[in-house]
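Colleague: Residue numbers (the numbering used here), protein chains in the order written: chain R, 1 to 135; chain H, 1001 to 1135; chain U, 2001 to 2135.
No lab work stands behind these hints: they were computed from the structure.
Note that this is a predicted model, so its numbers are computed, not measured.
For glycine and all other residues, C-beta sits at the position ideal for the given N, C-alpha and C.
Among the hints, erroneous ones may be present.
As the list claims (entries may be wrong) - Distance windows between CB atoms, simulated:
id, chain 1, residue 1, chain 2, residue 2, range
1, R, 126, H, 1052, 36 to 46 Å
2, H, 1116, R, 92, 25 to 35 Å
3, U, 2053, R, 49, 43 to 53 Å
4, H, 1054, U, 2097, 25 to 35 Å
5, H, 1125, U, 2129, 30 to 40 Å
6, H, 1003, R, 126, 15 to 25 Å
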Amino acid sequence: MSDTLSIALFSGTADKLHAAATIAAGAAALDRPVNILLQYWALDAFRLDRIEADLGVAYDGTAEGSTPPVKGTAKIPWLETFRMAKELGSVTIHACSGSLEVLGLDAGELDPIVDDSAGIATFLMAAEDGQILFI
Amino acid sequence: MSDTLSIALFSGTADKLHAAATIAAGAAALDRPVNILLQYWALDAFRLDRIEADLGVAYDGTAEGSTPPVKGTAKIPWLETFRMAKELGSVTIHACSGSLEVLGLDAGELDPIVDDSAGIATFLMAAEDGQILFI
Amino acid sequence: MSDTLSIALFSGTADKLHAAATIAAGAAALDRPVNILLQYWALDAFRLDRIEADLGVAYDGTAEGSTPPVKGTAKIPWLETFRMAKELGSVTIHACSGSLEVLGLDAGELDPIVDDSAGIATFLMAAEDGQILFI
């Protein structure tokens, strides 16, 4: 089971980032290379000046009438889980170059856990023969 | 076409649960094994004490300015579609053990349509050589 | 790298539609066939009478406490990017027949960029041996 697991990571709420990080950590523990492309709100979440911000939870957890058991996000250790995933195996995190442009960000404004920037085509080529998730 | 179709099911709104269930039913009808892991809000949706609750629709359908043709969720038969998928083929539904812990739930509090609990690594191993969706 | 890239496109906000379109364009540029199934809110977004509407951005970008750098959606060229993807390679866009029924729509009410309508099983068969994303 050495196929690459790729994640096009779009969402920037703490719960979805945590879900992505746990899946990345699980794949890394199974010796699978993990290839992550940060787009839009997920990219925004890795901005150095917001890396400790409260990112909230997905709309599922806040819609009227819902009674979600998870209230806050202070206890959702999404960034720590990404760090752990990197320690467990080969996990590379790329900033999507197109999203950098849309958000008006420079790669230098991101947390150093982000390895580099890359385009969609580079991401898809690295994903070849493996599985891709959009989160 | 016998490869496993795996779904990391995170969202708990009625429309996304229904989309997941219809995809599961379609794969089961094609004789593909279906492997579902319930995380966060999807796991919450399968709580026995909320299984009949109105789960709302995704933010896409409620954002200001939108005029979605689907207003309520009473008519979205997501649970019935999961039941039908199970009748059509080999569909197994696992509660994510990590999410059970985050939500403070016990597997015994879930609807019996949930088969058991499992970790991410077990889920990924069962997904080997197949396709994975994150919903 | 000639495997089909399939997208079950559910979300109807401008940012997620744009992410889907850029992934489709990237795959088409790599000579991969792209197979898209429009469900629920994504299907609603392709209605001829709403094709120019402001579709908003995902909840991640509007949640209380967030400070997203992308404010409006007027500049998110999701439809133009889908058109470009079609020019780059083999990209087919199907309206999900089940979603047409749920939304009470006829395929004739959709923008002509939508090629035809298809069921889940047809979509899954076309996705065989390739990768599938749910967006």
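Colleague: Going back to the hint list, which numbers does this structure go against?
Modeller: Structure breaks hints 3, 5.
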